[in-house]
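Colleague: Chains as they are written, first to last, in numbering that gives the first Met the number 0: chain L, 0 to 368; chain W, 0 to 242.
Keep in mind the hints are simulated off the structure, nothing from the lab.
Every value quoted in this text rests on a predicted model; they were computed, and no experiment measured them.
Even for Gly, the Cβ is constructed at its ideal location relative to N, Cα and C.
Errors might be hidden in some of the hints.
[As the list claims (entries may be wrong)] Here are some chain L residues pointing at chain W (derived, C-beta under 10 Å):
(1) Leu12
(2) Thr101
(3) Arg109
(4) Gly111
(5) Lys112
(6) Val115
(7) Gln116
(8) Leu117
(9) Gly202
(10) Leu208
(11) Pro211
[Claimed, not checked] Dumping the calculated EDC-like pairs for lysine to aspartate or glutamate here, alpha-carbon to alpha-carbon at most 16 Å:
(12) Lys85(W) - Glu180(W)
(13) Lys329(L) - Glu159(L)
(14) Lys129(W) - Glu90(W)
(15) Lys85(W) - Glu200(L)
(16) Lys199(L) - Glu90(W)
(17) Lys47(L) - Glu166(L)
[As the list claims (entries may be wrong)] What follows is a set of in silico ranges between Cβ atoms, one per label pair, in the way DEER data are often shown:
(18) Lys8(W) - Phe15(L): 28 to 38 Å
(19) Phe15(L) - Tyr28(W): 43 to 53 Å
(20) Phe363(L) - Lys8(W): 41 to 51 Å
(21) Thr57(W) - Asn362(L): 51 to 61 Å
(22) Gly202(L) - Gly40(W): 48 to 58 Å
(23) Gly226(W) - Gly202(L): 35 to 45 Å
(24) Gly202(L) - Asn220(W): 33 to 43 Å
(25) Gly40(W) - Leu253(L): 39 to 49 Å
(26) Lys13(W) - Phe15(L): 40 to 50 Å
(27) His193(W) - Arg16(L): 28 to 38 Å
(28) Asn362(L) - Ser16(W): 19 to 29 Å
(29) Lys8(W) - Ile276(L): 48 to 58 Å
(30) Glu114(W) - Phe363(L): 32 to 42 Å
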Amino acid sequence: MKQFIGFLRKEFLHIFRDPRTMIIIFGLPIIQLLLFGKVINTDLQDSKIAILDQSHDNTTREITSKLLSSGYFVLGEELLPGDDVEDVFRKGKVKMVVTFGTNFEQDLERDGKVDVQLLADASDPNTARMLTNYATGIINDYVKKGKLQNLQLPHQIGTEVRMLYNEGLKSVYMFVPGIMAMILMLISAMMTSISISREKELGTMEVLLASPLRPIQIVLGKVTPYLLLSFINAVTIIVLGVFVFGVPIKGSILFLMAESFLFILMSLSLGILISTIAPNQMVAMLISVLALMLPTILLSGFMFPIANMPFPLKILSSIMPPRWFIVIIKNIMLKGTGITYVWKETLILMFMTFVFITLSIKNFKTRLE
Amino acid sequence: MDEKVITVKNLVKKFGSFLANDHLNFEVYRGEIFGFLGANGAGKTTAMKILCGLSSPTSGEVNVAGYDIYTETEKVKRNIGYMSQKFSLYEDMTINENIRFFSGVYGISPKDRKEKQEILLRDLGLESSKNTLIGSLPLGWKQKLAFSIAIFHDPRIVFLDEPTGGVDPITRRKFWDLIYEAADRGITIFVTTHYMDEAEYCNRVSIMNCGRIEALDTPDNLKQQFGAKNMDEVFLKIARNSE
Chain L
0 MKQFIGFLRK EFLHIFRDPR TMIIIFGLPI IQLLLFGKVI NTDLQDSKIA ILDQSHDNTT
60 REITSKLLSS GYFVLGEELL PGDDVEDVFR KGKVKMVVTF GTNFEQDLER DGKVDVQLLA
120 DASDPNTARM LTNYATGIIN DYVKKGKLQN LQLPHQIGTE VRMLYNEGLK SVYMFVPGIM
180 AMILMLISAM MTSISISREK ELGTMEVLLA SPLRPIQIVL GKVTPYLLLS FINAVTIIVL
240 GVFVFGVPIK GSILFLMAES FLFILMSLSL GILISTIAPN QMVAMLISVL ALMLPTILLS
300 GFMFPIANMP FPLKILSSIM PPRWFIVIIK NIMLKGTGIT YVWKETLILM FMTFVFITLS
360 IKNFKTRLE
Chain W
0 MDEKVITVKN LVKKFGSFLA NDHLNFEVYR GEIFGFLGAN GAGKTTAMKI LCGLSSPTSG
60 EVNVAGYDIY TETEKVKRNI GYMSQKFSLY EDMTINENIR FFSGVYGISP KDRKEKQEIL
120 LRDLGLESSK NTLIGSLPLG WKQKLAFSIA IFHDPRIVFL DEPTGGVDPI TRRKFWDLIY
180 EAADRGITIF VTTHYMDEAE YCNRVSIMNC GRIEALDTPD NLKQQFGAKN MDEVFLKIAR
240 NSE
């Protein structure tokens, strides 16, 4: 045990004395979370729109004020009849133009039907789609709840939409689980593999193997510091997510921690496996980045929905551990589910851990033979 | 000088069908400086790894420091020291921290460690640099320190794998002074090297070729046996004979 504590002390010295390691472990998680949460925000806020109101009656004014008070839109420009609408878009001042025709209120009361035209700048298709959706939603809402409450409409089927588990459609709800998976993977798998392959590269691994330390002690000693640091990071990300970005934790925190722990163990065993393959730090890093980071970002369903992927990529995605972890933490945090709903994903992660450890032991033995 | 610390009988190591060590037989005595020579790929690193317990033999009897290499690997490891060719200290740790770490690995008590550490640093003249990072020391010092730390736990045998690669002859000579001192204290030195002048410093030398030990004797006897002026010639003759 004393040997082991001595070993841990040495490992922590390595970590604390290497600025790069320190930045990756302590800086990266926070920077990434803030970056994804604050800067790369796919939610709409204060988008500039122009209004072309040819009626200027009560209804159009009310709709306009509803739009502008929603928080999604601000008035960029007020257009007059005869203004060139395209010109506004070309100047890039606004993203959407809302046009009310003449005699808006009268038409509405007489025919029970009137059109509002939404022109959106679709050079950025995602934003355009979101803007028009939001605006349509607000206008429909107004019509239904305010104006036409007492109006008898002939046979209409209305849809009522509620976004469960993320009412505000906040993208940070997506990013927090995704970043957690990415960071834990990065620190556990990449840092362990680098730290083990560094000893190989420097020749100190042979010295350790020729010492009374048993191989299992060496591996545990290498892994334990990163286990602790990853866990601290998991907690940091969750705390930031909850208190800075308001992501809820509806399920049990203990269960969330237990699942994070499992994912960390999985990543650590993957890191050990990489280090048994990689002859030096450079290769370990390349494998980690190319084989772990990129697929984690692209294929885990963190950025792009798995349902839209072509079949081969879907298969590839299902061997990506973060994919399952993201499902688990989203379930716990947003839906408040327990093990009965995520046992399948949990078992998959356990199985992966088992496979990685078995392969590592096998590789390690062949190398010693 | 008669106490045997290493006994090897019919040691065979195969990698698939490749015979890396072909029935090696030799003995090494206490306090001896035993040179283990051979061209690259002759099988000396393989043999040394087996003696250190880093790798297990295919067949044959191997006894190191009084313990059987198959069944008592841990006891063997406790009684040997090892210094690799890349010299083996942690560059991002200070001299003190390295000593502390390796003492911990070999179970030396803090009290013993402090006493021995003081003596070691005084002998090497490094008292003032005990809190210096290893990485900032010159190569010669690093090697001396690595050797001193490899024998810090008073092993019965210390294995040196090409310990003086990449240093100038004067530093090499100084390094050998340390080796002689350790041998005087009764520590057996088992050293592989490429430098033939170093072979002359050894008490006995074995020369390997293609997995077999082709010659084993004192440098003087070997020179006589092969009618050579120096070890260089002995080495070349053996290499040519087997071709």
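Colleague: Need the status of pair Lys129(W), Glu90(W): alpha-carbon distance at most 16 Å?
Modeller: holds (13 Å)
Colleague: Does Leu208(L) pass the interface hint, meaning its C-beta sits closer than 10 Å to a C-beta of chain W?
Modeller: Holds. Min distance 5 Å.
Colleague: May I ask you to test the hint 40 to 50 Å on the CB atoms belonging to Lys13(W) and Phe15(L)?
Modeller: holds (45 Å)
Colleague: Look at the Cβ atoms of Thr57(W) and Asn362(L) and judge whether their distance stays inside 51 to 61 Å.
Modeller: violated (20 Å)
Colleague: Take a quick look at whether Lys85(W) and Glu200(L) sit within 16 Å of each other, Cα to Cα.
Modeller: holds (9 Å)
Colleague: Does the beta carbon distance between Glu114(W) and Phe363(L) stay inside 32 to 42 Å, or does it fall outside?
Modeller: At 38 Å between Cβs, range holds.
Colleague: Between Gly202(L) and Asn220(W), does the C-beta distance stay in 33 to 43 Å?
Modeller: holds (34 Å)
Colleague: Would you check whether Pro211(L) satisfies its interface hint, that is, whether its CB is within less than 10 Å of any CB in chain W?
Modeller: holds (5 Å)
Colleague: Mind checking the hinted window 43 to 53 Å against the Cβ distance between Phe15(L) and Tyr28(W)?
Modeller: holds (46 Å)
Colleague: Given a hint of 48 to 58 Å, does the C-beta separation of Lys8(W) and Ile276(L) actually sit inside it?
Modeller: violated (37 Å)
Colleague: Tell me if Lys112(L) is really an interface residue toward chain W, meaning its C-beta lies closer than 10 Å to one of theirs.
Modeller: violated (76 Å)
Colleague: Could you grab the alpha-carbon distance between Lys199(L) and Glu90(W) and see if it respects the 16 Å cut-off?
Modeller: holds (14 Å)
Violation of the numbered hints given earlier is confined to hints 2, 3, 4, 5, 6, 7, 8, 12, 13, 17, 18, 20, 21, 22, 25 and 29; the remaining hints are satisfied by the structure.
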